[in-house]
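Enquirer: The chain contents come next:
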Amino acid sequence: MRTGGDAAAEKLSRAPAPSSSRKEGVSDGPRFRWKDLTVYLGFALVFAFFAVTIGDKGFLTAQNATSIISQVTPIALMAFGAVFVLTAGEIDLSIGSVVAMAALFTALGLRHYGLVPGIAFGILTGVVAGLMNGLLIVGLRVPSFLVTLGTMQLFSGVAQISTQLQDVPIVNETYTDMFGSGTIGPLSNAVVWLVVGFLIAQIVFKNLAFGWRVMATGSNRASARALGINTNRVRVGVMVISSCTAALAGMIYAGEIHGAVYTLGSSDLLTVLAGVVIGGTSLFGGSGSMLGALMGSLLMTMIVNGLVLMGATVQQQIVVQGIIIVVAVAVSQRQPAE
Amino acid sequence: MSRGTEPLLRVAALRKTFGGLHALEDINLEVWPGEVVGLVGDNGAGKSTLVRCIAGYYTPDAGEITVNGESLGSGGPKRAAELGIEIVHQDLSLVMHGDVVQNLYLNREIRSSWAPLGRLGWLDKKAMRAGARTILDQVGIGGTISVRQRVQDLSGGQRQCIAIGRAVGWSRRMVFLDEPTAALGVRQTRHVLDLIGRLRAQGIAIVLISHNMEQVLEVCDRIVVLRLGRKVADRPMAGLTGPMVVGYITGAERAEA
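Going down the list, the protein sequences come from chains A and B.
End of the first sequence sits at 344 in this note's numbering; the numbers just go up one at a time, nothing left out.
End of the second sequence sits at 245 in this note's numbering; the numbers just go up one at a time, nothing left out.
Any given hint could turn out to be false.
[As the list claims (entries may be wrong)] A short list of chain A residues far from chain B (calculated; beta carbon distances all over 10 Å):
| id | residue |
| --- | --- |
| 1 | Asp42 |
| 2 | Asn213 |
| 3 | Ala228 |
| 4 | Ile235 |
| 5 | Gly291 |
| 6 | Gln323 |
| 7 | Ile329 |
[Unchecked claim] Dumping the calculated DSBU-like pairs for lysine-lysine here, alpha-carbon to alpha-carbon at most 30 Å:
| id | chain 1 | residue 1 | chain 2 | residue 2 |
| --- | --- | --- | --- | --- |
| 8 | B | Lys113 | B | Lys66 |
| 9 | A | Lys63 | B | Lys66 |
| 10 | B | Lys114 | A | Lys212 |
It should be emphasised that the hints constitute simulated quantities derived from the structure, not laboratory data.
Beta carbons: idealized from backbone N, C-alpha and C, even for Gly.
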C-alpha cells in the first residue's frame, strides 16, 4: 500500500516523460530571452549597414579591421572591469580619470627610472586608485556613485597637477612596442591584450569562486552576507579590478601615441558604460556578460569608425551614438511591467 | 553523559537584553535528533532574537548554547555553521540571479582538486552540478527542474525547497525554518510540509518558526511558546489543540514551562 506522499512523489518523477533521461522535459539551463541577443543583433545590423553604404570606402578592408580593434582594446578592457563592478551592484565613474593618471605616471616613470619602474607605476596607480575607491565606499558607507563622482574629479586633478598640464613623451621603444604598435607573430599587440584580457576576465567571472560572489553580492547584498560572503571584500575587489583595467587602458593609449597627456580617457566613461549595458549587463547588479561587453564595445567603436569613414562631423557622431544607445538600452534593459 | 542521551541542541538559561529591553529571559530549550519543534509566539515575543543567538548573529548576555555538547561560545555565525546549525530565512536565503547550483553552493564551493587551481578558487562545476542533483532528489524536486535554471525562474515552492536543500545538504543535523511557507500557495505549502516529514525521517532535527497554527499542529512533535521574551510553554503535541496554543501565545492560558 502506498501513502499519499509516495504517490505524489511518483507522479512528480513521472511527470517529465516516459523516458529514463532526467533531462527530458526539463529546460536545460537559464530561460532564453530575446533581449539577451540585443548586442549581437545590433552588431550585425550596424555592420551590414556600413558594409552596404561604405563598403567601397574602406570599411571592409583588413586595415580598417585592425584599426577598429586597436581602438576597441582599451575600451573593451575597461568594459570587462565595469562588468565586475556593475554585477556587484556598484558603479565606477572614475575610470576615465584613472586612464589619464596611469598614463602620465607611467610616462614619468619611464622617463626618470626606466621600463620596469614605468610599468610598475602604471599598475600601482590602478591598484591604489581602486583601493581608495573601494575602501571609501565600504568604510564611509557611501554609495559608489557618489564616491567615484568625487574621485573622478580628484584623480583628474592629480593627473593635471602632476605635469602642470604638460604632455610627457615616451621614447622607450620596448614600451611602445609592448603596449602599442608591436606584434606577436601575425597578431598585433592590441589583439593580444584584448584576447588575453577577455579570457582572464571571463575565467575570473565564471570559473572562479570570486565571480560567483560578485554575482551574489550584486544580486542581493543582504542574502550574500547571510550566506557568509564577505561582501565588503568583494566590493573593494571589484573597484580594484575596475581601476586596474583603466590603468592598463591608459598604458595602452600611452604606448599607441608614444606619450601621455591629461586628456586621455576623458571621453571613455560613457562609451564604456554604454557598451557594457548594451551587452546585457544589468545596471542594478546580479547579472553581467563579458562576451556582451566585448561585443558592445566593438559596436560602439565600429559606429564611430563607420561614421568617420562616412565623413560625419564629431557632432553628428555624438548624435548618432546617442540615438543608438537609447534604442539599444531600451531593448536590452527594459524592466518587466509592474 | 553518553552521546546517545545528549540533545542535539541545548540552550541553557539564555538572556539577551537590548538596552533596557529584556528580549530573552532565562530561556531553556533542548532539541533532539529527528524531532520537529514548533517555535511560536506573537510578534516581538523573542523568536527571532532566540534564533539569531543560536545562529551566532547575537551574543547572549548570559547562558549557554551547546550543539552536541560543544559550546557555541562567542564564535559568531561561522562557529554556528561549523557546528551544523543552518537557518533558512524567510527571504534571505536565496540569490535570485544565481542558478540552482550557485544557490546550493555559494560560499561553500567545491574547488578544483588540483591544489594550485583550487587555491585560486577554480570551481569544479561538474562536481557541484552532480551534488546539486543529489540534493534536489533529497528535497523531492529531482528531475523536475534543471540545476542550471535561475532561481528567479522557479516557483515559490521550488525556491523554498532549494533554500532548505542548501541547509540540509550541508549540515544534515539541524535546520531552522523561519516561516518557510509564508509566501507559498496551497500545493507548494503541501510540498514543503512533506519535505519536513522526509527530513525528520532522515534524522534531521527541525525547528519550525511559524504563525500558521494549523501547520504547526500538523507537522510538529513538540511546541515551544515564547511570550514577552520568556518561555511559557514547552510540551509535546499530543493533547494540544489550536485554541490552547493560541492561549499560551496571548497569555490567556498558562502552563508550567
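Enquirer: Would you mind marking each hint as holding or not holding in the structure?
Expert: Here's how the hints hold up against the structure:
The non-interface label for Asp42 of chain A is consistent with chain B: the shortest C-beta to C-beta separation is roughly 12 Å, beyond 10 Å. With 10 Å as the threshold on Cβ separation, the claim that Asn213 of chain A sits away from chain B is violated: the shortest Cβ distance comes to roughly 6 Å. Distance check on Ala228 of chain A: its Cβ comes as close as 6 Å (rounded) to a Cβ of chain B, failing to clear the 10 Å threshold; non-interface status is violated. Residue-level check failed: Ile235 of chain A sits 5 Å from the nearest beta carbon of chain B, not beyond 10 Å.
At roughly 8 Å from the closest C-beta of chain B, the C-beta of Gly291 of chain A falls inside 10 Å, breaking its exclusion from the interface. The beta carbon of Gln323 of chain A is kept farther than 10 Å from every beta carbon of chain B, the shortest such distance being approximately 35 Å. No Cβ of chain B approaches the Cβ of Ile329 of chain A within 10 Å, the least distance being about 30 Å, so the stated non-interface status holds. Distance check on the hinted pair: Lys113 of chain B and Lys66 of chain B sit about 24 Å apart at the alpha-carbon level, within 30 Å; holds.
Between Lys63 of chain A and Lys66 of chain B, the direct Cα distance comes to roughly 65 Å. Violation of the 30 Å bound is thereby established for this hinted pair. Between Lys114 of chain B and Lys212 of chain A the alpha-carbon distance is near 13 Å, which keeps this suggested pair within the 30 Å criterion.
When the structure is compared with the earlier hints, violations turn up for hints 2, 3, 4, 5, 9 and for no others.
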